[in-house]
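Quick mapping for you: the protein sequence lines, in order, are chains A and B.
Everything in the first sequence is counted per the numbering used here, starting at 1 for the first residue and increasing by one.
Everything in the second sequence is counted per the numbering used here, starting at 1 for the first residue and increasing by one.
There may be inaccurate statements among the hints.
Any copy, or any two copies together, can satisfy a pair, since identical chains are not distinguished.
For lysine-lysine, the following DSBU-like pairs were computed, each having C-alpha atoms within a straight-line distance of at most 30 Å [unchecked claim]: (1) LYS320 - LYS472; (2) LYS296 - LYS331; (3) LYS236 - LYS344; (4) LYS320 - LYS344; (5) LYS299 - LYS236; (6) LYS472 - LYS331.
Hints are computed from structural coordinates only; laboratory data are not their basis.
Spelled out, the chains give:
2 protein chains.
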Amino acid sequence: MHGSDYDSAIRHWASVVGPENVVTSTPQLIAAETGTFATGHRIPAIVRPANRSEVQECMRVANRWNVPVYPISSGRNWGYGSRVPASDGCALLDLGRMNQILDFDENLGYVTVEPGVTQAQLQAFLAGRQSRLWMDSTGASPHCSLIGNAVERGFGHTPYGDHFAHTCDLEIVLPQGEVMETGFGRYPGAKASPVYRWGVGPILDGLFSQSNYGVVTRMTLWLMPAPEYFQAYYFKCASEEGLPDLIDALRPLRMNGTIRSSSHIANDYKVLSALEQYPWAQSAGQTPLAGPLMQKFRKELRIGAWNGSGALYGTRAQVKEARRLLREALKGKVQDLQFLDDRKLEMASRYAGLYQRLTGWNLRRTLAVLRPVYGLMKGIPTEHPLASTYWRKRTPPPAQMDPDRDGCGLLWCSPVAPNDGSHAVRISGIASDVLLRAGFEPAISMTVLTDRTLSCIISLAYDRDIPGEDEKAMACYYELLDRLARDGYHSYRLSVGAMSAMGEDGVYRDVLQSL
Amino acid sequence: MHGSDYDSAIRHWASVVGPENVVTSTPQLIAAETGTFATGHRIPAIVRPANRSEVQECMRVANRWNVPVYPISSGRNWGYGSRVPASDGCALLDLGRMNQILDFDENLGYVTVEPGVTQAQLQAFLAGRQSRLWMDSTGASPHCSLIGNAVERGFGHTPYGDHFAHTCDLEIVLPQGEVMETGFGRYPGAKASPVYRWGVGPILDGLFSQSNYGVVTRMTLWLMPAPEYFQAYYFKCASEEGLPDLIDALRPLRMNGTIRSSSHIANDYKVLSALEQYPWAQSAGQTPLAGPLMQKFRKELRIGAWNGSGALYGTRAQVKEARRLLREALKGKVQDLQFLDDRKLEMASRYAGLYQRLTGWNLRRTLAVLRPVYGLMKGIPTEHPLASTYWRKRTPPPAQMDPDRDGCGLLWCSPVAPNDGSHAVRISGIASDVLLRAGFEPAISMTVLTDRTLSCIISLAYDRDIPGEDEKAMACYYELLDRLARDGYHSYRLSVGAMSAMGEDGVYRDVLQSL
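Just chain A, with the same shape it has in the complex (with noise of 0.2 Å):
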């Protein structure tokens, strides 16, 4: 940035924050100016404030060096970003040391916390005080921040999954330095403020998501209260050509409030790229991966070319008819959809050895992917989904995953689209068309976020390590967000950058620009 003083701005922050909390080692820098993909922002710093009247004054900091400040939770926004910042010269604001849970309330469900607090952390304090309510966990890892999703919009399984819509009460601290409480937050001691979003008066909190205008620097998460009964269900279609039918049985369902959580369904190359690395060796080393092969893994591994999950929740009453129903809905349409509960799962681990001997089929497999799914379903976060990264590298991943660090290639493109199934088959053959052709395995997942809408996350997944891929995938990635945008299909969150290339309309721009 022009006029930016570096220099006095970390000798000041290192007085707000101690020396020890900024960092400025070239090595760490290199490490967090490194995502998924290609960036070229560079960081001239990291400061990691401990608590809000910190954070305030690196504002104001950054404000008098005229420095600019990118904030991060926990810094794993993978496939958008990681904690490369939107622009160069951006100084990281690092979060993660004020990881405190600072209210919580069992009857009326929410919890309120600092943006460090992790998806582990949540869970292992409810576990702690033996509460019945369940958190909603995104599948990305323990380690990310509650916050951090919450105000990119992400979303998880249960029927909390859309984050931001189950979230009140921000706590945000402006560029110049100043503290602002959003709903009735802004009136000491008012009592609605963790229950009620809307406050009086203009709504503020959708300026924060998604945005540079503030520091959120504490949230309201909602909680939702165990269900007497769960039982998640799967199913499988055979053809490509069942998709449509199968998203528009669902639909009424979920409206209906049959179906009260987000159906997520994922497509052969999303489930392959969940159990196993690319094929390297039966493929000859050939890329993209289709063909008899793919044919060959989805029958051996018994992948069908849709392939759906989603759960019930309620009394064992509730869910039954919820599953009467689902079964009518769903007659025809899909294969194999079977139910699983707690007791049931149980069973299946316990003899997962004899079954195979009886069957062939080898179920221990199929449960060590079946299960985190399971999980999420019930808020529980997991490790599991980000081995996925590694899809094209020609190493396992590791015991400490980090695809930042080991160069896994991995770019997001997350169109919205209408919860009708026309709309599904065109954005699936969009992506199937664009990411084939140069070269990519187009994972695709197509989740009922909402009653009416489809949250589509396409994966363009590679190895970094493999010189002209970060271009190749790149522009693959800007003619698939260019062909979807033609379509009339949207991404509901973008890579760092990307937005310009969203042709932003004029009006919304100036608006944007004159807060």
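For chain A, the structure is supplied; the task is to place chain B on it using the hints.
This is chain B only, laid out in the frame that chain A set:
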């Protein structure tokens, strides 16, 4: 406003919308300046644009001649200010002529409307198409604007009761005359605009709710699919003391999704004022109504201290299970838990006369009150609750009710509290104390608006034709706001002019002012 050139503005508005759509006649202006409580704000003109581009031109004219404008949709913001602007000298921008239904989707369940579209109009539209979708209706009047109510964050009684939460895709004319769309609407041809709230980047919708940052000229409202089966429930609680247990018993059912809509709990005064006008003769002209006379009405009309209603939506089996759970939860906490469906209601109407002869209970009168409430839970608009604004009048409500014209005094105070019995008791206690001491009847309803919140409406009804009552009522309203705020209960919606009384926090106000 300093430097406003009203004459020039009015002349130019006339050239934009046609002279017949600029109202400056004194009787019409006086009517528009008249709400259900004392207001001093003068209106120089009423301007009635026919479409968005006329709104844009009107805003440009307003800017040029420095005349503030106050948009109204149907002007039925009764209890909060009717058509009266929030400050003096504002021209009314009456959007009533913009009454087109612009888009509709039966499968995805939405309708896109202009601000002049009323509840009755949407109801007729849906009926005309034999749609299987239900709207959600607020209780005020069939002629209320859908957009007007949603931007003010009004509510109704179906699962879509929180109106603002079920909208997206706003089109807004900004103060300088530019047009902006929220969510994905800013991308031409975006398929998910009418179904997905958040779009990409910062979310701006909330800025245009309860605000004066722009004129909402279009909005998409979500509509719920009609359930296979509908059943309403009603109950009473004979003693005041039963309230907290009742609220606490309902909360888990609401939080776990068994009850999907807002239960509505009204005190004896609220029910009585829906049934009758003030008993001037029986009370020998004394106010407020209390003591033995109130006890007599309770007994005679079978009114509880608290009276609840709500509904169950689903398949027959889903409703049956919900009914079982509700019975179990309310056991020993309420009296006369009754379930009513279309067939039972029909039977009751048919045999009301016989029933009265057998039991002495005037079922017909009960049904007259019950039917509109029953309808509201199915989203059917009704004029019925409007009659209660005539509570303190000496003459019965006319066939064409108009509380503004008829000198009905009404001030609504609407504190929001956590969905917890202890808060319900405190709010009820404060309201009863403040209103009775001031000589008014504390008519209170508590709506379980969301899983975690009670939205209370305290109605202060009086007769504006009695000298001194306006002042007495306003003093009482401000005392009530103040007493509630001191205990941490803030209103979600304020009467025009009351915002300044709320003691706005500095930073929040600064941010709002900078926008």
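Status of the hints after comparison with the structure:
{"no.": "1", "hint": "LYS320 - LYS472", "verdict": "neither (49 Å within a copy, 58 Å between copies)"}
{"no.": "2", "hint": "LYS296 - LYS331", "verdict": "within (27 Å within a copy, 60 Å between copies)"}
{"no.": "3", "hint": "LYS236 - LYS344", "verdict": "within (19 Å within a copy, 44 Å between copies)"}
{"no.": "4", "hint": "LYS320 - LYS344", "verdict": "both (16 Å within a copy, 28 Å between copies)"}
{"no.": "5", "hint": "LYS299 - LYS236", "verdict": "within (12 Å within a copy, 61 Å between copies)"}
{"no.": "6", "hint": "LYS472 - LYS331", "verdict": "neither (42 Å within a copy, 66 Å between copies)"}
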